[in-house]
Each structure stands twice: as structure tokens, then as C-alpha cells.
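**Student:** Using the hints provided, position chain C relative to the given structure of chain L.
Protein chains: 2
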Amino acid sequence: MKKKEKLFSDQIRPLRDEIDRIDSDILSLLARRQEQVEKVVALKKACDMPVFHPAREEDMISRLRNQAKEKGLDPDVTENLFRVIIRQSRVKQTFRMQYKGVRPGAAVLIIGGAGQMGAMFASLFEKSGYRVRILTESDWENASKLCAGIDLALVSVPIEKTVGVIEKIAPLLPPQALLADLTSVKHEPVTAMCRRHTGPVLGIHPLFGPSTTSLDKQIIVITPGRDLDSGHWLVEQLGLWGAILVQSTPGEHDEIMEIVQALRHFATFCFGRFLFEQQVKIQRTLEFSSPIYRLELGMVGRLFAQDAGLYAQIIFATKERRELLKQFITSLNQHLDMLENKDTRTFVRQFNEIAQWFGPFSDQALRESTFLIDRLIERF
Amino acid sequence: MKKKEKLFSDQIRPLRDEIDRIDSDILSLLARRQEQVEKVVALKKACDMPVFHPAREEDMISRLRNQAKEKGLDPDVTENLFRVIIRQSRVKQTFRMQYKGVRPGAAVLIIGGAGQMGAMFASLFEKSGYRVRILTESDWENASKLCAGIDLALVSVPIEKTVGVIEKIAPLLPPQALLADLTSVKHEPVTAMCRRHTGPVLGIHPLFGPSTTSLDKQIIVITPGRDLDSGHWLVEQLGLWGAILVQSTPGEHDEIMEIVQALRHFATFCFGRFLFEQQVKIQRTLEFSSPIYRLELGMVGRLFAQDAGLYAQIIFATKERRELLKQFITSLNQHLDMLENKDTRTFVRQFNEIAQWFGPFSDQALRESTFLIDRLIERF
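Chains as they are written, first to last, in this note's numbering: chain L, 3 to 382; chain C, 3 to 382.
Looking at chain L on its own, in the form it has when it is part of the complex (with noise of 0.2 Å):
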């Protein structure tokens, strides 16, 4: 044993170094990489060209497939490791780029520019070359003089607000100047947006958090109030800052929010509710787990790292969000027939049915969540 050892010891370490000189070329030339990446920017730059281009990534992908193949490396490890590359190349790109201005100069005034929210978007029209004004809840007394001549006033409030102060900044507003807001219910905003102001209309509803660093293919949600032409260059706006746009009334807005937002988000909190009625030893379950239980309670962990004021807003937001959640706690209770009798048949017959509804979205999520289960495995 012990002569097996020495042998291993002796003849491991030139192999090891080997290994380590291969992965210090591989720095040096991703360094290489990243220089010419920022020659390609400047130029882009230079011709106001996008920077985002679908085509030559896919292509880029394709021939790194082939190319492993000839190699001897798997395909598939080979496209992850390049689609992280090349995310990190796009992501400087759009942070270079982002900040061009569709209408440089323009005046927008945003309504709640202290909190986080609004924060987060003054300084993106700043360094957009927008004039920006903010209006604080202290700061009414002089809303008239910050409304005067501006060309955007976005309304970026808390949602009991919202309609309030709509009715309070409308008067004040030039008649041609587009109004617009950024909260996360839209059918009573646009609405009374509309009432009140004559000039364009614009309901956005930005599908992240103030906590999020880039709009790189982050979505946003358009509700088009009234003529969406005048406002049109605020749309531009969003998506040259990297977000993709997603345009809908905001009826179908709001009843896809019950859903994406409320009802998940309300199912998350009486699921964690429970673990804490039931004490739950959290930490020891999580020795005993599977990536995916891992990841479904790290969904869980998340909701209440975050702040609750926020969530009950969410989930509070309109009585048909309220009644939508009823329902849910009523459809759940029409099982404790099925658990009282042990009847699995139930069960099965219920749950082929959900699978059939599903459709094709169940293997889809299934590929989706093995592709991340293998990253969770990787980093922990």
C-alpha cells in the first residue's frame, strides 16, 4: 500500500501541472477574448448597431457543437460553457450600450423617485441624457413648477396610491406630455390614467425587482392606454435598455398577475406558514434532500428574505385577487375526502388528467428543471 503511495504521489503532480498550465492558457485566451469583444463594441457603438445578435450567437453555438464533436468533447458541456462566455460578453455589451438616449434631452418628471423603484429608472434616464425631475410625497407644494413642460411623467408609487396620486398629477400636466406607471396592477391605473389626462397613456409593469442590476432580458409588461404612437418612443426606450417587451390590455394583465403573481405567491406563504406551524427542522431536511426539494424550498427561503409589505400588496391588491385565492383554499379542501379514504384512485384519475392538460409544457419544465438541478449539483 504504501509503495502504491509513493507511485501515485510521484507520477500525479507533472499531470497536475500540466492541468493547471492547460487552465491558465485557457484564462489568458478568454482574457483575449474579452479584448476583442470590447474592439466589437466600440464599433458597434461607433455605428449604432445592436448589440444583441441572435443569429451569429446561435451560429457561434452551432459550430462549437461541431467543433467539440470533431475534438472528443461533449457537445453539450461545450454550449453550456459558451453560453456562459457568451452572456458575460453580452451583459458588458448592453451595460456599455444601454444608456443611449431615444430622445435625449426630454424631460421626464417621475412621481415617487425617492423609492426604490423609481430610483432605479431616474437614474437610467439620467445616464440616458434625460432631464430628470423627481416629485416626493414631501414635495407637492411644488409640483406644478416640476410638472411644467416635461414630456414624461411616470407615476412610480406603492399600488393603494397609485390611483390617488394619478388624479392628483394629471391637472398639472401639458396636455401632450405621456403619462405612464409602473404599477405591478394595471386595469384602475390606466383607467384612470385616461380619465384624467387627455395626452397619451402608457400602463408598464416591470417584471423584476428594484434589486435587479441590468434590464438585460428582463420583461416588462405594455398596457397601451391611448395613442400608443406619441408614446412610442418610451417603449424604445426599454428596449434599447435590454428589456424584452410584452404587449396586453390591461384586463388580460391583471388576470394573468392573479395567477403569476398573487395565487403563487399566496400558495409559497401558506406552504412556509406551515413549515413554521409545524416546526419543521429545516436544516436536517435539507441533508436528507434531492436537488429539486433543495431548489422548491429555496423558493420558499426567498419569498420571506424579501420584504413582507411588498407581498401583501401584491397579494392584497384587488378583491378579485382575494376571491381568486378563496377558491384556491376552497379547491383544496375538496381533497380531504380523497386523503380521508385513502383513495389513491382519485389521485391518479386527477393527476392524468392535470398531466394531459399540461400537455407538452410538463416535458418542457422537466428538461428545463434536470438543466438545473445538474447547476445546483455543480455549485453545492
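No lab work stands behind these hints, which were simulated from the structure alone. Treat the numbers as computed from the prediction; the structure is a model and nothing was measured. Check each hint, because a few of them may be wrong.
Note: identical chains are not told apart, hence a pair may lie in one copy or across any two.
To be verified - Computed list of lysine-lysine pairs in DSSO-like fashion (alpha-carbon distance at most 27 Å, straight line):
| # | residue 1 | residue 2 |
| --- | --- | --- |
| 1 | K41 | K129 |
| 2 | K46 | K328 |
| 3 | K41 | K102 |
| 4 | K328 | K283 |
| 5 | K6 | K46 |
| 6 | K102 | K5 |
| 7 | K344 | K328 |
| 8 | K163 | K321 |
| 9 | K8 | K46 |
| 10 | K47 | K5 |
| 11 | K6 | K102 |
| 12 | K129 | K47 |
| 13 | K147 | K170 |
| 14 | K344 | K163 |
**Tutor:** Coordinates of chain C only, in the frame set by chain L:
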């Protein structure tokens, strides 16, 4: 504008060619790295050394992070890249070494070896040099013959059949043979094994499905029944195959699985059921959704891509589980008043109470899930 486009297309070509050359060089280095890793594997095999070397890995990562900083690269991105590369090489290494047998030549009888999980273990044992016999449902007349002289009997049948099968097989076993099972509940099977068999007894619960391609870093819970020393070779064998082993008692195991499996899957089932009842337009909600919603809905879709019968087994397995799930529904009913009265104050108070109870796990969960969301954005 035309002029700008001409300028751009003239100048971008050489830059892109250079990037493509660099990428190709990176691939060549990765291929050379793979060759070196293969030499390391051969050496480890010759010297009976383990594949995974946590200290060496963390060492490499720290060094690479420092080198990255020196070369002007982002250290986090660099770490991510090399974790992918290293994991790939570890999987390859495990793949080649996992078949080393702790007791090659020993006779293993797998009861239910024609099922998916049984077949997976049968294949692992065979590749590691064991003499594997399979007992299927239609083969009980040969059971005595199949049991003659075996070293291990491994029960791999559906939960509800486990105790019956144990009672049938135990009297046929050589007294010194190890009796083990793979069921996802542990109290009843381990009790039954200890009652009916006088030799060593080991409860095993692999926390993964039969579709898993490698045991690398997969978790297996071990609940010893009797004489762990005599059964220890099997625990070692599972470790050699790459699994992470967690030791527990049958009671603790079952209590934790009520949460990790039954409650979680049931809650997911209820959520999916409600989406179905409401006929929610899944695809449209995905267009509106942040990556985190996509991830959470993916967890729901994932469930329904799998076998209804398997989940019925898990959810309805024991009376304790069914009681816990009824309590879960009861817990939700408590929230009806809060919704009815738009009582955000109670919501915020409960939310903060739970957040405090979760403690540091919440922040960890936020970090981990943010990491995954970034991977998801990269990919899709």
C-alpha cells in the same frame, strides 16, 4: 446610414474571425485537458485512489479566481466556467471508476429486479463484478433456489408490497445474509426485516429516480436495522458509486420524508389541480413571467411529467402522512378570514414571524435561487 453600415460590415469581420479563432483554441485546450484528466484517472485506478478530491478542487478554484482577477476577467464567471469543466471531468472519472466492487464475486439477489429501480441497481452490481440474480413476481416458485448462498437480498418493490415480500423472502435467506430494501418509507420495512430475519438488516432510501444516469453526488439515506458492521460493505459500495450517504433512524427518516416528499408533492399537486380547474392559459402566463415564475411553474409541470402511480404511493403511503396533509389543508383554511377582511396587518405579522423563523436559510435561498435564475436567463 448606408455609409455606417458599410463601415461596420468591413470592420466587424476580422474581429469576429479573431473571436472564432480564440474559441477554437479554447476548445483545443479543453481537449488536451481531457487527455490529461484521463491519465489521472488511469493512475488513480492503478493506485486505488478515490476520484473526488475536494481540497484539490477548492484549491484550483481559488487559484483560478486570482489568476482571473490578474487577467482582468470576472472571477465569479470564471469560477462558474471551471465548475462546469471540473464537474464534467469528475463525472467522467466516476463513470470509469464507479464499477469497482467492494466484494466482487458476492451473490446479490434483487427482489423486483425487473422494475426500473431494481434494474438500475442490478446493472451497477453486475458492472462491479457481483453475481446478480433477479427474482420477479412470476418467479416465486424458484425463490428458494435463488436464495441459496446469497450474500445480499435487496428488496425493490412498490411500497404497499414491501412488507409482504419481506415476510415471504426472509425465511428463505441464509442466516448471515444481509437483508436490505429500497423503499421510500423506512419504519415498517425495517421493523419487518428485523422481525423476520436474524442476520444483518439495512434500510436504504435512494433519493432519486431510476432515470438518474450517475450516482455522482446523489443522496442515499441509510437506516441501519441490525449489525451495521456486517452490512457496511454495501454502504461503502454505494459510496464508491458516487453517492452521498446520510445516516438516520427509520423514525426520523419517515418524519422528514413526510415533509420532503409527501407534503411537497401534495402541495404541488394541489397547485396544478387549481390551475387546471381555472383553465389558466399556461403558455400565455409564461410570456408574462419573470424567470422565477418560470422556475416555479416548471416545478409544477415537472411533477405531472412523471408517473401518477409513483406519486400516489408517496403521498398516501402512511396514515401519518395523510393526517399531516389534512392538517395542511386545515392550516390554509385559517387564512380565509384574512383574505375576506383584507387583513394585510395579520399577513405582514405572520410573514415576518415566518421570516425570522427561517433565519439565515432565507438569505442563502435567495442567493442560490438568484444564481439559478441567472443560469436560466443564460439558457433560455
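**Student:** Each of the hints needs a verdict: does it hold here or not?
**Tutor:** These are the hints, each one checked on the structure:
no., hint, in the structure
1, K41 x K129, "within (22 Å within a copy, 53 Å between copies)"
2, K46 x K328, "neither (53 Å within a copy, 61 Å between copies)"
3, K41 x K102, "within (18 Å within a copy, 52 Å between copies)"
4, K328 x K283, "between (29 Å within a copy, 20 Å between copies)"
5, K6 x K46, "between (59 Å within a copy, 10 Å between copies)"
6, K102 x K5, "between (67 Å within a copy, 21 Å between copies)"
7, K344 x K328, "both (25 Å within a copy, 12 Å between copies)"
8, K163 x K321, "within (16 Å within a copy, 49 Å between copies)"
9, K8 x K46, "between (57 Å within a copy, 12 Å between copies)"
10, K47 x K5, "between (63 Å within a copy, 15 Å between copies)"
11, K6 x K102, "between (64 Å within a copy, 17 Å between copies)"
12, K129 x K47, "within (16 Å within a copy, 58 Å between copies)"
13, K147 x K170, "within (14 Å within a copy, 89 Å between copies)"
14, K344 x K163, "between (49 Å within a copy, 16 Å between copies)"
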